[in-house]
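A.B. asks: Sequence:
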Amino acid sequence: MNKILLLTPFKVGSSSLIQILRANGYKIIWLHEKNKFVRAFHKQHQKVVIRGHTNVKVELLKSLHFDLIITMIRCPTDMYMSGFFQNITTKEMPFYYGNEQKVLNAKVSDLKEHFLSFNWETFDEYSLNYNFEQIKAITNVNIWNEPFNKEKGFSYYKVNNNSNLLVLSLNALKNIHHIIYKQYKISLRHTNIVNNIGQVKWYAKVYKEFKKETTSEVEKQYNIEKVIDHFDILHKPLLITNGQSSNYDFNSALSIKKRRAYGKFLMDFNI
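The numbers in the sequence shown follow our numbering, run straight up by one, and end at 1021.
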């Protein structure tokens, strides 16, 4: 497992995964670098991760060999809200609100109104559909048409004789060492990860109040039932027993409506 391609939307845990891979000797390069640099980097280093989000260079990537291609998934509405706050003070972003003090002094209702004024499905950076289209263009695997292991929170798909596609939920990231070992018999060194968690950032208090007031409304605004049904990733942490996923079948035990209610008690686990 030397050559890895990591293609993901924003706010799905990819930065934490990169920390793990870097700590295990992988060299990282962004896909937005010039093609000749990406090719040279891929050839020069034994353990490589090519990382990208949007503006995917399909023809370049199809010409390179990867032992493993990884994408990550998360409930879209969580991605939207998390991305909103992470970039709320970035002037280049269309949803820019103001400086930190303006955000902290704002009424939650005003932040909510500003957030809901944008169609977040049009931002490729936060789109599972866009990401899956790029993955399909490179691998010929249509993720929506493939079964997904909801209990474990990840699934491998064969791309060709020498390559696999791993679809990994944010909730299963904590088990990445076991997930990799089971497939490749490679032991990744355990690493202390500095998670990109909203609850420990400067906007933590207002972010928590914003999510409480906004989550149910934003779920009504966007059609996420397809994502919930296929991946079962609505605000729920993976159930863990001794480092492995529990045998408890969360998906069959709770209806979507009950899962949504249950998720309200678990939102503090979200990044």
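Keep in mind that the hints are not guaranteed to be accurate.
Stated by the list, open to error - Straight-line Cα separation of at most 25 Å, DSS-like style, residue types lysine-lysine; simulated pairs: (1) Lys862 / Lys951; (2) Lys932 / Lys908; (3) Lys797 / Lys908; (4) Lys902 / Lys932.
As the list claims (entries may be wrong) - Pairwise CB distance ranges, derived in the manner of DEER restraints: (5) Gln933 / Lys857: 29 to 37 Å; (6) Glu863 / Lys784: 36 to 44 Å; (7) His795 / Asn910: 43 to 51 Å; (8) Gly775 / Asn869: 25 to 33 Å.
Keep in mind the hints are simulated off the structure, nothing from the lab. Beta carbons: idealized from backbone N, C-alpha and C, even for Gly.
A.B. asks: Now look at each hint and say whether the structure bears it out.
C.D. replies: Now for the hints, and whether the structure bears them out:
1. Lys862 / Lys951: Status holds; Cα separation ~19 Å.
2. Lys932 / Lys908: Within the cut-off at roughly 15 Å; holds.
3. Lys797 / Lys908: Cα-Cα ~21 Å, so holds.
4. Lys902 / Lys932: The hint holds at about 13 Å.
5. Gln933 / Lys857: 29 to 37 Å: With a Cβ separation near 49 Å, Gln933 and Lys857 fall outside 29 to 37 Å, so the hint is violated.
6. Glu863 / Lys784: 36 to 44 Å: Holds: the Cβ-Cβ distance is about 42 Å, inside 36 to 44 Å.
7. His795 / Asn910: 43 to 51 Å: With a Cβ separation near 22 Å, His795 and Asn910 fall outside 43 to 51 Å, so the hint is violated.
8. Gly775 / Asn869: 25 to 33 Å: violated, 42 Å
When held up to the earlier numbered hints, the structure conflicts with 5, 7 and 8 and fits the remainder.
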